[in-house]
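Note that the protein sequences, when read in sequence, are chains A and B.
Under the numbering used here, think of the first position of the first sequence as 1, with each following residue one higher.
Under the numbering used here, think of the first position of the second sequence as 267, with each following residue one higher.
Calculated directly from the structure, the hints in this document are not laboratory data.
Treat each hint with caution, since some may be false.
Said to hold, decoys possible - Below, in silico cross-link-like pairs of lysine to aspartate or glutamate (EDC-like), each with a Cα-Cα straight-line distance of 16 Å or less: (1) B/K505 <-> A/D10; (2) B/K479 <-> B/D383; (3) B/K296 <-> A/E195; (4) A/K183 <-> B/D383; (5) A/K22 <-> B/E278; (6) A/K183 <-> B/E446.
Here is how the chains run, residue by residue.
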Amino acid sequence: MEDTYDAALDLLRRLNPKNVSKNLNAICSLAPDLTEDLLSSVDQPLEVRRCGKTSKDYLTCDYNRDGDSYRSPYSNEYDPPLSDGTVPSEALRKLEVTANDAFDIYRDLYYEGGLSSVYLWEMDGGFAGVVLFKKVSSSATKGNGDWDSIHVFEVEYKGRTAHYKLTSTIILNVVTTSSALGKFDLGGNLTRQVEQDLPVEDELSHIANIGRMVEDIESKMRNQLQEVYFGKTKDIVCDLRSLGSLSTAREDRKLQSEVVSNLARA
Amino acid sequence: MSTQAKIKAASEFLSDAPPGEVKDVYEDIKAIVEDDDDVVTGLGNAFQVYNTAQFTTVRVPSSSKAVIISKYNCIGPGKFFDSEIGKSFSVDYMSLQVSDVEDHESLSDNFSSIAKDMSAYVSEHYPDPSAYGVYPQSSTDDVALVIVGNKYSPSNFWNGRWRSSYKVNLSSGLIEGTIEIDVHYYEDGNVRLTTLKDIKTDFTISNIGSIVKSIASAERSYQEQVNREFGGLSDGAFKALRRQLPVTRSKIEWGKSIGTYRLGQDIGGGRANTK
């Protein structure tokens, strides 16, 4: 079983990240025993649902799912309705509402649109949760883009501090089509983990602490995707085909090393 | 799931394998289906489709040339030719073993000179391991030109492939083809670039040497366009998704003051939580 699960993860890491949901479905059909484990450990782009009570949109993932129903962060109710669906305690729900408000501001400042949702759940000695963001952009000149952020965190109470563990995944896809460029399809996903001990004054401190950690890691990962990953991808294309002539480049390098060794001797 | 459906799903995985990683994908598939013989042997067709589409190269005994297998030089089930080395041969799509090597018609003088130009062009712009092919088609005026450039670095978690293919008509002076780039970078992540560009250009009919020159020019233009696209991502597509910093140009003041953002928003009119 271990081998099949590892093979599934390896396969998903090799195939085009934009097809992760389709591939995940296919793997679960081929090996149904893996379904529960894969659904809870593989990040997929987030889906959107409308809250029946408030008519506002919210994001869905494995963390606000119970059976085939999803819980709205606004009404705290399941759709389709469940008589005994898992909901956070009253105190945790209060924190969840505040967290949704706080990250809504974050969403507006960084995403200037898009959607955000936060879900919390009980955990021994603390609590856990997930912060979700989704942004879709489409422009005639800048192409179409899809961004999904999934930040799963655990908070462990330690008196006047708390230990925070954050696992963040970004799923990103950019497609540009034009007559000069043809079709250009660039996508990726990245997962990072960070742990920190931070001071806690009251319940709201957790939101500030998690907020800062999410902001830090998301900004770092955004830059990494842009600079390292997409930058590296561009370098690889340059390795596939050289714009300049390879023999001229070899001659230049030879000349350069001769100059350097002459300088060293001088 | 029926065996047929399983083979279809597994075949789709194989067709999406990144350059240089088809063996890894194949091993993963085998593990997932727990070595189901029917599914594994059913992948034979998928390997055929994959290898001919990806311009996989094989070595024919008595030649040092890397020979491409593609639809342009296919003369029967598993049978291919290469006029530059004057041979035809059979290939096993899964093992890539070459057999049944026979003599085949060599290139005409015209096509020979194109092949020389191609060889020089490819060695000047496509580092090893790269390959090219010049394949006369059914009509004497038609020739297909194929280039494949590979770069494999699995220990650094990346692989890439460039494929160009062109149909050249000597009497009309037209060149039509496509360029496809496929790059996979997977160090602590999974990034994939796939591109597809249609090329339509022409050459001077009286000058055979202008064919490869025309192709070189089209490929250079395209590569410059791709570089420009990469350069524009930061201010274009990326910024449209998530800014590097808020308009305030500084990070968020978390804590109790997060409420003040909301107040400012209500006065200025914030952007609602919408799709």
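Taking the hints in turn, this is what the structure says about them:
no., hint, result
1, B/K505 <-> A/D10, "violated, 31 Å"
2, B/K479 <-> B/D383, "holds, 9 Å"
3, B/K296 <-> A/E195, "violated, 37 Å"
4, A/K183 <-> B/D383, "violated, 29 Å"
5, A/K22 <-> B/E278, "holds, 11 Å"
6, A/K183 <-> B/E446, "holds, 9 Å"
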